[in-house]
Amino acid sequence: MTLLAVQNLSVAYGDLFAVRDVSFAVDEGTVFVLLGANGAGKTSILRTISGLLRPRAGKIFAEGTDLVGMKPHEVARNGISHVPEGRRVFPNLTVEDNLTVSYLGSRANIPIADALASVYALFPRLAERRAQLGGTLSGGEQQMVAIGRAMMNFPKLLMLDEPSLGLSPVMAELVFERLAEIRNGGTTILLVEQNATCLEMATQGIILANGSIALSGNAHSLQDSEFVRRAYLGV
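Counting in the working numbering, the sequence shown runs from 1 upward without gaps.
Hints listed in this document are in silico derivations from the structure and should not be mistaken for laboratory results. Heads up, some of the hints might be wrong.
[To be verified] Listed next, the in silico DSSO-like pairs over lysine-lysine satisfying Cα-Cα at most 30 Å (straight line):
1) Lys59 <-> Lys71
2) Lys59 <-> Lys156
3) Lys156 <-> Lys71
Only a predicted model underlies this, so the values are computations on that prediction, with no experimental measurement involved.
Construct the complete structure from the given sequences, taking the supplied hints into account.
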């Protein structure tokens, strides 16, 4: 079943097009990767899905509901959570306050204490640091907060913008392990990355170049493509 459908999407900043005529579909229960170099249009796509940007053209549907024109909080209430690039935790709030600020009771459909318990089970380190200020956490811990904040409302679709950026290899591996756990729990994932190793956990994906689709297919076909081997894997 298709959870998210992006059709002929174009996004522009004034006269400069960041995305041109991009179409893809994300099936329920999968990990879909948007892979591309910096400036390829990946972030603009996520921001448009979230309602932070208005498209110049195209349609975006979530389970048949048209998202274009919705405000970000309305998109969130439709079951889509966005973990932005750079984590963007509130530095002067505690870990627990950073998590609770995103809670939508009508969406989560469980008490806030139970939502917190679910996040702490996913990231036990956050439970240990629940009273610590967000600005004093390591980069990896802040990424846990950002993901946990998005999971407070039990989204159908979790969108992440380069969650491994700036993390040590060990911490990046831990983050991807938790994303696999989230997927196994039934949440669909739309993952933006520059690192082609993310294809190891993907189901399908597209390669973006200069705002357009350069290649699409399942994860195995993308990994085996000459384009990916040369441009991303250096082989």
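Hint-by-hint comparison with the structure:
1. For the proposed pair Lys59 and Lys71, the alpha carbon gap of about 15 Å is at most 30 Å, so the pair holds.
2. Between Lys59 and Lys156 the CA atoms are separated by roughly 19 Å; this keeps the pair inside 30 Å, and the hint holds.
3. Using a Cα cut-off of 30 Å, the hinted pair Lys156 and Lys71 holds, with the two alpha carbons roughly 18 Å apart.
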